[in-house]
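Full structure from sequences and hints, please.
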Amino acid sequence: MEDQLERENSQVFDVEDGGGSSSTKTNSATLECLSEILEHRESTIEDLRQTVATLKHNIAEQRDEIIRLKSLNSNTHKPVSSCLQQNSPISLPLELIKMIFYLCDALRRCHICCINKRLAEELSSWVVTHACQAVTNSPAVGIIRTTKA
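Numbering (the UniProt record's numbering), first residue to last: 1 to 149.
Hints in this document: simulated from the structure, not taken from any laboratory.
Derived Cβ-Cβ restraints for the label pairs, each shown as a range: (1) L103 x S74: 26 to 32 Å; (2) N27 x A53: 37 to 43 Å; (3) C110 x S71: 25 to 31 Å; (4) D47 x K70: 31 to 37 Å; (5) S74 x R49: 36 to 42 Å; (6) K25 x Q50: 34 to 40 Å; (7) H40 x I66: 35 to 41 Å; (8) T54 x S28: 36 to 42 Å; (9) Y102 x K56: 44 to 50 Å; (10) N73 x T51: 29 to 35 Å.
Cβ coordinates follow ideal geometry from the N, Cα and C atoms, glycine included.
Structure below.
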């Protein structure tokens, strides 16, 4: 960058020392050369500003991603039971939860019901119905009587 400035400045001095021509020609040639240098430098400055803006934007995106990943990482180190025992309101529709629950294996279903009491209460009759269907291999389930503890 400094070499380029020295070359441009030497061009200006060469134009100023331009072989004994009249001062008007020298001044106009010098002004023209200086205006070209100024335009070149302004375009370089604008390019650098755009590059800096792009880099700042990329840094902000990366910072957001780092924060998101750190929060995910901190959530994965907590025991699953402590994350789900908070009885937070269910944010998914019950039908979607049923579909997910239906696709889980038996061990995962028990785990979900054990760690989230509210979800277990909402799904209890549905779970019993599907458990009977799975055990009997029948789509129809008769009257199911349960006792309250």
